[in-house]
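Respectively, the protein sequence lines represent chains A and B. According to the numbering used here, the first sequence is numbered sequentially starting from 1. According to the numbering used here, the second sequence is numbered sequentially starting from 1.
To be clear, the hints were calculated from the coordinates, so they are not data collected in a lab. Small disclaimer: the values here were computed from a predicted structure and weren't measured. Wrong hints could be hidden among the right ones.
[Said to hold, decoys possible] Derived contacts from chain A toward chain B, CB cut-off under 7 Å, selection only:
#1 Ile45
#2 Arg101
#3 Glu160
#4 His161
#5 Ser167
#6 Phe169
#7 Val271
#8 Trp275
#9 Val279
#10 Gly282
[As the list claims (entries may be wrong)] Incomplete in silico selection of chain A near chain B, CB under 8 Å:
#11 Glu103
#12 Ala168
#13 Arg198
#14 Asn263
#15 Leu268
#16 Leu288
#17 Asn292
#18 Ala323
#19 Gly327
For every residue, glycine included, the Cβ atom is placed at its ideal position computed from N, Cα and C.
Number of protein chains: 2
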Amino acid sequence: MKAIAVRRGETEPVVVEKPRPEPEPGEALVRTLVVGVDGTDHEVISGAHGAFPDGEDHLVLGHEAVGVVEDPGDTDLSAGDVVVPTVRRPVPGESNEFFERGEPDMAPGGQYVERGIEGGHGFMAEYFTSPAEYLVPLPEELASVGFLVEPISISEKAIEHARASRSAFDWRPESALVLGNGSLGLLTLAMLGESYDRTYCLGRRDRPDPTIDVIEELGATYVDSRQTPVSEVPDAYEAMDFVYEATGYPPHAFGAIEALAPNGVAALLGVPEPWEFEVDGGTLHRELVLGNKALVGSVNSNLRQFEAAVETLATLPAWFLDALVTGVYDLDSFEGAFAPGETTIKAAVKFDEYEKR
Amino acid sequence: MKAIAVRRGETEPVVVEKPRPEPEPGEALVRTLVVGVDGTDHEVISGAHGAFPDGEDHLVLGHEAVGVVEDPGDTDLSAGDVVVPTVRRPVPGESNEFFERGEPDMAPGGQYVERGIEGGHGFMAEYFTSPAEYLVPLPEELASVGFLVEPISISEKAIEHARASRSAFDWRPESALVLGNGSLGLLTLAMLGESYDRTYCLGRRDRPDPTIDVIEELGATYVDSRQTPVSEVPDAYEAMDFVYEATGYPPHAFGAIEALAPNGVAALLGVPEPWEFEVDGGTLHRELVLGNKALVGSVNSNLRQFEAAVETLATLPAWFLDALVTGVYDLDSFEGAFAPGETTIKAAVKFDEYEKR
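Bound-form chain A, shown alone (with noise of 0.2 Å):
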């Protein structure tokens, strides 16, 4: 079969041909009908990010895949199952106490692989075998738009992290304020319009552009990070109940604390590289104090959250999603889907068609 991968020591993708993957006990055997790119699969090309596989030339990209089971072997899912798989996996041998209660979310470094990222084979290919536990299944009037699962669990997690941060009193969030206007924002901004009377979403780019079309569609205020620094949305807007984070921006992490209003909490998703600069430490700390204010990190989602992500994406508009998903390429023209486009928001790699049962 054909898979789509980096190989040691270059920094872009190929299709490679590998054997089809056998299941093994409690497995199933899942064909690859589309698989979503983002920006940790351009940090795995670069080598930014991630590792290979113990021992492997070669790692297969895709963590945002959705699929239909071919084989389900020994499991409980029946052939024609439209499924999602989820990330992290036990490191092969070693399993614990993350998985073993479903949070392999919160395990340590070390302590998981990713597949398509940090060493474990992805979704990129024909074909790919998981144990049934690890796969979610998907309405199938949902399977063409499966692959955004994944992405919104990410942001199913961190809006519930941020919430639990602010159960321990009477809270009545109304405004909200997305950092960042890539294809993650532009989600979690489309899943926050539910929950918040007055939504903001950040980037820096010039009219005219589909993100801010987009942005504005969603009956949000776009904000130009260029005019308006993060520190400086209370005075220019108002002062944020809630800000989600999707930039690795550093800065805008530091400036997410002044950005809040009292009692207020940002949730923060984007992974930065080392950089040392200036803050006004003194205030941010007693900004944080004086405001109940709070900071919540987030990375990866488990099971229970792919799960929230599937009834969340059967609640988008379907103008969104499309508006959303500017490129799904075959995979004679993959590099389509890897390519940086000014117009580009969410692009992926279709390997088969779904067809209804």
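Start from chain A and add chain B according to the hints.
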């Protein structure tokens, strides 16, 4: 009656003569027993924090009080009840949603006064009045140490908010680090001993020192910040599941992110002044995200947390309270309670002796 106050334009507390207050409907008259002194009092006296009541030329100090109901007025209290007053009150004539929900601790600046601190007279007087709803009953056997209820309630809130931030997953903390070996730090260290297998307390003092003795008698490990900066605690000792910051030293707030174990949380309580300095913001941001870590600011406390503090106070061992309270000064030598001293941990002013009913 006599009261201890700071006058406008002065930076030393003095005894002033004031009329004994008359309880309004819904209020009780309380005869003051003991009032504690903390760092906030010193900031109020120096003018660094707080505000005089509107139209007044002085501020009666004191927000950590215990007293006895002298005249219950039309309230459900009885003469002789031992009570602890809460600190935040509505701005006169202006109640708001935070007070209505019983969460004045979450009210933003401007939506409250704080007795003895900001805009309202405190409890360092022979008598004070208070609406009964802001008086927390105390068992009479705790009367002599009831002035510790307020500081304990501050930590009850901070610990509750920190735990809430970890409630979206199965958090199993084992190690806790208290930053600061002042009276609030030591009280919190004693509180945490019940819930954590291993506790640590950071200070910057040489042995022999009474706070180090208390730390070690509590079974905790003393960490000297001059030898081990907060960020190096994981290498020197272990990564911490919980960090409690009570120093107001902003580099500690940032260092706490590196002191935390994966999935850990730091509660911040200090209130520093503005101070610009350099941080590795990229690494801190990345650590928060990849480690699922949180920072939670916390200020003040509500009635429920005062009630929890009463229960906590009853569990603290007598030897600890004896060691913590290094001086209780009569009104005619009250200056001693405000004087710095190498061996001072917690000082208080006694207005009257409690006599058992």
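Results for each hint:
Taken as an interface hint, A/Ile45 does not check out: its beta carbon lies about 19 Å from the nearest beta carbon of chain B, beyond 7 Å. With a cut of 7 Å, the hint placing A/Arg101 at the interface with chain B holds, because the nearest CB-to-CB distance is about 5 Å. With its C-beta approaching chain B no nearer than about 5 Å, A/Glu160 sits inside the 7 Å limit, and its interface hint holds. Because the smallest distance between the Cβ of A/His161 and any Cβ of chain B comes to about 5 Å, under 7 Å, the interface hint for this residue holds.
The interface hint given for A/Ser167 holds, since its Cβ lies 5 Å from the closest Cβ of chain B, which is under the 7 Å cut-off. Interface restraint check for A/Phe169: the shortest CB-CB distance to chain B comes to about 5 Å, inside 7 Å, so the restraint holds. The criterion of a C-beta within 7 Å of any C-beta in chain B is met by A/Val271, whose closest approach is roughly 6 Å, and the hint holds. Nearest Cβ of chain B to the Cβ of A/Trp275: about 3 Å, under the 7 Å cut. The hint holds.
A cut of 7 Å between beta carbons decides the hint on A/Val279: the least distance to chain B is about 6 Å, and the hint holds. Against a cut-off of 7 Å between C-beta atoms, the interface hint on A/Gly282 holds, since the closest Cβ of chain B lies about 3 Å away. Taking 8 Å as the C-beta contact cut-off toward chain B, the hint placing A/Glu103 at the interface holds, the least distance being around 5 Å. At about 4 Å, the closest approach between the beta carbon of A/Ala168 and any beta carbon in chain B falls short of 8 Å, and the interface hint on this residue holds.
For A/Arg198, the interface hint is violated, the least distance from its beta-carbon to any beta-carbon of chain B being 18 Å, above 8 Å. The restraint placing A/Asn263 at the interface with chain B holds, with a minimum CB-CB distance near 5 Å, inside the 8 Å limit. For the restraint placing A/Leu268 at the interface with chain B, the shortest Cβ-Cβ distance is roughly 5 Å, inside the 8 Å limit, so the hint holds. At about 3 Å, the closest approach between the beta carbon of A/Leu288 and any beta carbon in chain B falls short of 8 Å, and the interface hint on this residue holds.
At about 6 Å, the closest approach between the beta carbon of A/Asn292 and any beta carbon in chain B falls short of 8 Å, and the interface hint on this residue holds. The criterion of a C-beta within 8 Å of any C-beta in chain B is not met by A/Ala323, whose closest approach is roughly 28 Å, and the hint is violated. A cut of 8 Å between beta carbons decides the hint on A/Gly327: the least distance to chain B is about 28 Å, and the hint is violated.
Hints 1, 13, 18, 19 from the earlier list are contradicted by this structure; the remaining hints agree with it.
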